[in-house]
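Colleague: If you want the building blocks of each chain, they are given just below.
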Amino acid sequence: MIRVLVADDQRINRVLLSGGLDPSRYEVVEAVDGREAVEKFDIYKPDVVLLDVMMPQMDGFEATRVIKGRLGQDHVPIILVTSLTDEQSLSQGMEAGADDFIPKPFNRMVLESKMKAALRIRSLFKTLNSNRAELQLLHEQSRRERTMAAKLMASALQTTALSGPMFKFRSRPMDVFNGDLLMAAETEPGKIRVVLGDFAGHGLAAAIGSLPLAMDFEQLCRSRLSLPTFARRANTSLRAVLPRDRFLAAAIFDINLADRVIDMINAGMPSIFVRKMGGGLRQRVDSTHFPLAVLDEFPGSEPPVRIHIEPGDRLYVYSDGITEAQNSAGLVYGEERFETLIASEKLGDSEVFQYILNEHDAFVRDTPPDDDVTLMEVFPDVDHEESQSVGMPNILLCSRVFHIKLELSNQLLRSANINHLIESILQGVEPLEGHRASIFAILIELLTNAIDHGLLRLDSRLKHSLEGFSEYYEERERGLKALEEGTVMMDMDLRCSKKQWSLDIEVRDTGSGFNIYTRSDTRNNKAHGRGIMLVEGLCERVQYFEPGNRVQATYMWDKTS
Amino acid sequence: MAIHTQLANDEVIIVISGRFDFNAHREFREAVKTVGHGSRCVVDLGDTTYLDSSALGMLLLLRDGGRDVRIVKCSDEVKKVLEIANFHRLFNVS
Numbered sequence: 001m002i003r004v005l006v007a008d009d010q011r012i013n014r015v016l017l018s019g020g021l022d023p024s025r026y027e028v029v030e031a032v033d034g035r036e037a038v039e040k041f042d043i044y045k046p047d048v049v050l051l052d053v054m055m056p057q058m059d060g061f062e063a064t065r066v067i068k069g070r071l072g073q074d075h076v077p078i079i080l081v082t083s084l085t086d087e088q089s090l091s092q093g094m095e096a097g098a099d100d101f102i103p104k105p106f107n108r109m110v111l112e113s114k115m116k117a118a119l120r121i122r123s124l125f126k127t128l129n130s131n132r133a134e135l136q137l138l139h140e141q142s143r144r145e146r147t148m149a150a151k152l153m154a155s156a157l158q159t160t161a162l163s164g165p166m167f168k169f170r171s172r173p174m175d176v177f178n179g180d181l182l183m184a185a186e187t188e189p190g191k192i193r194v195v196l197g198d199f200a201g202h203g204l205a206a207a208i209g210s211l212p213l214a215m216d217f218e219q220l221c222r223s224r225l226s227l228p229t230f231a232r233r234a235n236t237s238l239r240a241v242l243p244r245d246r247f248l249a250a251a252i253f254d255i256n257l258a259d260r261v262i263d264m265i266n267a268g269m270p271s272i273f274v275r276k277m278g279g280g281l282r283q284r285v286d287s288t289h290f291p292l293a294v295l296d297e298f299p300g301s302e303p304p305v306r307i308h309i310e311p312g313d314r315l316y317v318y319s320d321g322i323t324e325a326q327n328s329a330g331l332v333y334g335e336e337r338f339e340t341l342i343a344s345e346k347l348g349d350s351e352v353f354q355y356i357l358n359e360h361d362a363f364v365r366d367t368p369p370d371d372d373v374t375l376m377e378v379f380p381d382v383d384h385e386e387s388q389s390v391g392m393p394n395i396l397l398c399s400r401v402f403h404i405k406l407e408l409s410n411q412l413l414r415s416a417n418i419n420h421l422i423e424s425i426l427q428g429v430e431p432l433e434g435h436r437a438s439i440f441a442i443l444i445e446l447l448t449n450a451i452d453h454g455l456l457r458l459d460s461r462l463k464h465s466l467e468g469f470s471e472y473y474e475e476r477e478r479g480l481k482a483l484e485e486g487t488v489m490m491d492m493d494l495r496c497s498k499k500q501w502s503l504d505i506e507v508r509d510t511g512s513g514f515n516i517y518t519r520s521d522t523r524n525n526k527a528h529g530r531g532i533m534l535v536e537g538l539c540e541r542v543q544y545f546e547p548g549n550r551v552q553a554t555y556m557w558d559k560t561s
Numbered sequence: 001m002a003i004h005t006q007l008a009n010d011e012v013i014i015v016i017s018g019r020f021d022f023n024a025h026r027e028f029r030e031a032v033k034t035v036g037h038g039s040r041c042v043v044d045l046g047d048t049t050y051l052d053s054s055a056l057g058m059l060l061l062l063r064d065g066g067r068d069v070r071i072v073k074c075s076d077e078v079k080k081v082l083e084i085a086n087f088h089r090l091f092n093v094s
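Protein chains in written order, with our numbering: chain A, 1 to 561; chain B, 1 to 94.
Bound conformation, chain A alone:
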């Protein structure tokens, strides 16, 4: 049934209008003036409204305005039934939002046809609205799924070696998904294998293609395959899954820090540039190979190109999204422009990377990108300017071997044997050979201080006598059992340089801070306060940060020993 609201202050008019509507199709609700029409509109939610114009309390124009104002996305046709036929009244009605007019006295045929037209429009609106809602829902769902998938991809592609200070990169997809691929892993200490790839196409289809390679990547790197063998394997694994019109252009290279060489296979990527310190080009590596997955067998006839790194050299690898970018004027960025910037003597060495990005952004300005854009700088000699800000001038050619993050919650501290935990962590790490006892002592001291003084606020002076010693540990045990809150966090980074290993340790606790030095008394041979002295003796540097709940320490040792 179609519900019609009929409002007129004259009973006879209401009867005539109701009588003009076929009772088998229409259900009529009547109102005696504009105000009642508005009230009944809210209650009955009619499909069409027929309004007299001249009514007491609220006239038809005002009632039209009020009802239309409440509709939102919905469309309910309002037809004014009026004896006013002058132009001004009609335009007043249109302005109020009326959809149509029926002149009084009305004709049954006119009423019927106007009703039909009004209902047709209403039904169109209804379809439109439901389509729109459905579309919005689908769009939202698809956006969520794409974001989720992009996150999964990103975590699958994340590798730790890239977080070292040697690399700078920016990779910006034109879509949610990135068809550019950047991976790096250490094949053995001091040797890092990097792949910067660019899939044919972009978006989801291109990004998915990187998964099989990404999944295998670290495994392939660990198995210490030579660069050409690695490229052949990667070619085979991609060829097996990619459709025939898809392939991966890639720069695949090994950075050998000890021998100061980079071996490079450029398979279909734009030319790779090496900038000399102070400007000028040391070397340019053009593509000599087919992209991966083009041929069944990756041709191994061309050996990798060898780059000898001189001090201060910087390597630039990028996807063609940089050089082929077009701006709104139709101009192409171009390789020449890129090469000129790389070689520029006017730019400071450390500024080049950021300058190119800024300049590129300014070039394309608001033009939406039509490809994924990746730029990467490799700077093997991180010692010059960057590392000074980190405060580790001794680390040359540094790369991160592992990162360990420990979070010891109060629940864990209550029950676990922390010393045993640390012992088992150190056990498996080969480079620590010969230094485990020192590292163990450092870690335990820093952790113990955080637990005992940071969380439990114990007094070391108890440890004057053997009895007090026991008392201290009994108190400590009681304190730990009752520990309601508090966490101790530890971060460990093992890095290697050409000659040295270096272990950076940071320990933080959620306590309010303590001053380890006023709690220590190392002048005489007291049985307490020895911990921090031991740490200071073993470490290259130790620093507590205000308010005393965070400490950093660095322990270093030579590679030969």
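Since the hints were made in silico from the structure, they are not lab data.
It is possible that part of the hints are untrue.
Said to hold, decoys possible - Mimicking DSSO-like on lysine-lysine, the simulated pairs with C-alpha atoms at most 30 Å apart in a straight line are:
{"no.": "1", "chain 1": "B", "residue 1": "LYS80", "chain 2": "A", "residue 2": "LYS559"}
{"no.": "2", "chain 1": "B", "residue 1": "LYS33", "chain 2": "B", "residue 2": "LYS73"}
{"no.": "3", "chain 1": "B", "residue 1": "LYS73", "chain 2": "A", "residue 2": "LYS559"}
{"no.": "4", "chain 1": "A", "residue 1": "LYS126", "chain 2": "A", "residue 2": "LYS40"}
{"no.": "5", "chain 1": "A", "residue 1": "LYS559", "chain 2": "A", "residue 2": "LYS405"}
{"no.": "6", "chain 1": "A", "residue 1": "LYS405", "chain 2": "B", "residue 2": "LYS80"}
{"no.": "7", "chain 1": "A", "residue 1": "LYS168", "chain 2": "A", "residue 2": "LYS559"}
{"no.": "8", "chain 1": "A", "residue 1": "LYS191", "chain 2": "A", "residue 2": "LYS168"}
{"no.": "9", "chain 1": "A", "residue 1": "LYS40", "chain 2": "A", "residue 2": "LYS104"}
{"no.": "10", "chain 1": "A", "residue 1": "LYS168", "chain 2": "A", "residue 2": "LYS276"}
{"no.": "11", "chain 1": "A", "residue 1": "LYS168", "chain 2": "A", "residue 2": "LYS405"}
{"no.": "12", "chain 1": "A", "residue 1": "LYS559", "chain 2": "B", "residue 2": "LYS79"}
{"no.": "13", "chain 1": "A", "residue 1": "LYS481", "chain 2": "B", "residue 2": "LYS33"}
{"no.": "14", "chain 1": "A", "residue 1": "LYS405", "chain 2": "A", "residue 2": "LYS191"}
{"no.": "15", "chain 1": "A", "residue 1": "LYS68", "chain 2": "A", "residue 2": "LYS45"}
{"no.": "16", "chain 1": "A", "residue 1": "LYS405", "chain 2": "B", "residue 2": "LYS79"}
{"no.": "17", "chain 1": "A", "residue 1": "LYS559", "chain 2": "A", "residue 2": "LYS191"}
{"no.": "18", "chain 1": "A", "residue 1": "LYS45", "chain 2": "A", "residue 2": "LYS126"}
Based on the hints, put chain B in the right spot on chain A.
Modeller: What follows is chain B alone, placed relative to chain A:
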């Protein structure tokens, strides 16, 4: 971690294997009780993998009662920790 004591030529030998840390304090105290004040004693760290500052503290307390303490069979790693703490000046370390 395990602590054993044995008597040889009027000397108490305290053998500590595994981790020597605060978890050892009870056993270590029991071991110290067997060493009389002013007597001689040997701490055998041949099987000690790790030690921390509470272990150093315990060694100091062992020495406190006027006992003549020798620390023997230290691995290079353990010796390094002892030396950093200047223990080779207080003890006979070998």
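Colleague: Could you run down the list of hints and mark each one as holding or not?
Modeller: Consistency of the hints with the structure:
Pair hint LYS80/B plus LYS559/A holds up; C-alpha atoms about 17 Å apart against a cutoff of 30 Å. Distance hint between LYS33/B and LYS73/B is fulfilled; the C-alpha atoms sit about 23 Å from each other, no more than 30 Å. A C-alpha spacing of about 26 Å is found between LYS73/B and LYS559/A, which places the hinted pair at or below 30 Å, so the restraint holds. Proximity of LYS126/A to LYS40/A is assessed by CA-CA distance (about 21 Å); at most 30 Å being required, the pair is judged to hold.
For the suggested pair LYS559/A and LYS405/A, the alpha carbons sit about 24 Å apart, so the restraint of at most 30 Å is met. Of the supplied pair hints, the one linking LYS405/A and LYS80/B holds, its CA atoms being roughly 27 Å apart against a limit of 30 Å. Distance hint between LYS168/A and LYS559/A is fulfilled; the C-alpha atoms sit about 27 Å from each other, no more than 30 Å. Simply put, LYS191/A and LYS168/A have alpha-carbon atoms about 17 Å apart, close enough for the 30 Å limit, and the pair holds.
For the hint linking LYS40/A to LYS104/A, the alpha-carbon distance of about 23 Å falls within 30 Å, and the restraint holds. Distance restraint check for LYS168/A and LYS276/A: the Cα-Cα separation of roughly 17 Å lies within the 30 Å cut-off, and the hinted pair is therefore satisfied. For the hint pairing LYS168/A with LYS405/A, the CA-to-CA distance comes to about 23 Å; that is within 30 Å, so the pair holds. Simply put, LYS559/A and LYS79/B have alpha-carbon atoms about 20 Å apart, close enough for the 30 Å limit, and the pair holds.
For the hint pairing LYS481/A with LYS33/B, the CA-to-CA distance comes to about 29 Å; that is within 30 Å, so the pair holds. In summary, the hint linking LYS405/A to LYS191/A is supported, as the alpha carbons are separated by about 24 Å, within the 30 Å threshold. With a C-alpha separation of about 12 Å, the suggested pair LYS68/A and LYS45/A falls inside the 30 Å cut-off, and the hint holds. With a C-alpha separation of about 29 Å, the suggested pair LYS405/A and LYS79/B falls inside the 30 Å cut-off, and the hint holds.
This hinted pair checks out: LYS559/A and LYS191/A have alpha carbons roughly 15 Å apart, not beyond 30 Å. Of the supplied pair hints, the one linking LYS45/A and LYS126/A holds, its CA atoms being roughly 14 Å apart against a limit of 30 Å.
Hint check: no violations occur; every hint is consistent with the structure.
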